[in-house]
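Residue numbers (numbering that gives the first Met the number 0), protein chains in the order written: chain A, 0 to 244; chain B, 0 to 80.
The set of hints was computed from the structure by calculation and includes no laboratory data.
Glycine residues also receive a C-beta, built at the ideal position from the N, C-alpha and C atoms.
Just so you know, not all the hints are guaranteed correct.
To be verified - Reference excerpt, derived from the structure (chain B facing chain A, CB under 8 Å, subset only):
(1) Glu16
(2) Leu38
(3) Ala41
(4) Val42
(5) Ala45
(6) Arg46
(7) Asp49
Single-letter residue listing:
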Amino acid sequence: MRNVVVTGGTRGLGIAIARKLAADGYRAIAVARQQNDHFAACVQQAEATAPGSLRFAAFDLNDIAFIPKFVASLSEEFGPLHGLVNNAGLGTSGILATLADPQIERLLRLNVTSPITLTKYAVRAMMVGGAGGRIVNISSVVASTGYSGLSVYAASKAALAGFTRSLAREIGPLGITVNCVAPGFVDTDMTGGMKPAQRAQIIRRSALRRLPDAKDVAAAVAFLVSDAAGNVTGTTVTVDAGNTA
Amino acid sequence: MTVRATVEATIVAVAGEHAKALPPLTDDLPLLDSGLDSLCLAVIVARLEDGLGVDPFSTSEEAVLPVTVGEFVKLYEDAAH
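Take the sequences, apply the hints, and build the full model.
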């Protein structure tokens with residue numbers, strides 16, 4: 000079973016991604032501070048069909064100094080690393096002028112510095128394995144469009160898109176691909192605070208007149224992780240039901 | 000296997016994997032003239048950390064820049080002791 004780490008893999012988009020990868024024959028290792036009941040039920044379900052395909056690794060991605068040790072512990076417990084899905088992130092919204100300074104810093108730390116550092120050590124593990132690898136960064140359509148109240152979040156997601164393109168060139172010679180998935184607005188805990196009127200407006204402005212769901216995003220991630228995507232690197236797959244078309 | 004032998008074997012293996020023609024490894028051979036590019040060196044450093052359990056580049060506060068193969072080997076010999 001090839002190992003794919005999914006950060007924030009116990010809820011929202013992350014759990015949909017982890018479950019899809021587990022169903023596709025990988026061992027999905029969900030990283031989060033703690034498990035929850037829904038995730039535990041998913042693990043039980045996965046155990047019945049493919050034992051070991053969905054696992055949990057406790058870690059607080061804010062503890063950047065401990066990331067090297069954490070990646071080493073993953074390799075020790077599970078073996079070589081095939082893929083990393085940088086999904087965890089904060090969805091802090093608010094008008095920039097009134098956003099608390101520590102909130103800005105916290106968001107950039109968790110959405111940018113943490114996934115970049117985690118990727119560094121995951122890539123090193125892949126270098127040791129010498130069998131190539133897959134990095135998928137979860138960006139957002141707001142990395143390339145605008146949405147009032149999401150400026151800092153958008154900056155963090157645009158950062159991941161830029162990171163993706165340059166890293167793809169850097170480690171392409173090793174057979175490691177680096178791509179982004181840019182979801183539109185998906186119904187998850189993170190977007191739960193959205194007002195019904197805002198939601199309706201997004202739907203009205205989308206080509207397909209609906210919102211994508213977490214499974215759509217998971218399918219795009221699973222493609223980029225798969226062998227079929229071996230010649231896809233440095234790009235962004237947008238999954239937004241045509242909202243930015 | 001001594002630290003020196005491990006470092007040299009790793010250099011030779013990575014050069015081979017990346018189809019780099021490697022001149023004979025001598026202590027005074029400048030890394031820049033070894034035919035290894037920065038990506039190869041990154042792979043060598045990652046493999047040596049896995050094999051020797053040390054990474055003199057990450058543990059140092061300041062950027063360490065060995066110029067020759069001999070200096071590169073010595074960094075690992077010092078770190079391993």
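Going down the list of hints, with the structure as the test:
no.: 1; hint: Glu16; verdict: 7 Å, holds
no.: 2; hint: Leu38; verdict: 6 Å, holds
no.: 3; hint: Ala41; verdict: 7 Å, holds
no.: 4; hint: Val42; verdict: 5 Å, holds
no.: 5; hint: Ala45; verdict: 4 Å, holds
no.: 6; hint: Arg46; verdict: 6 Å, holds
no.: 7; hint: Asp49; verdict: 4 Å, holds
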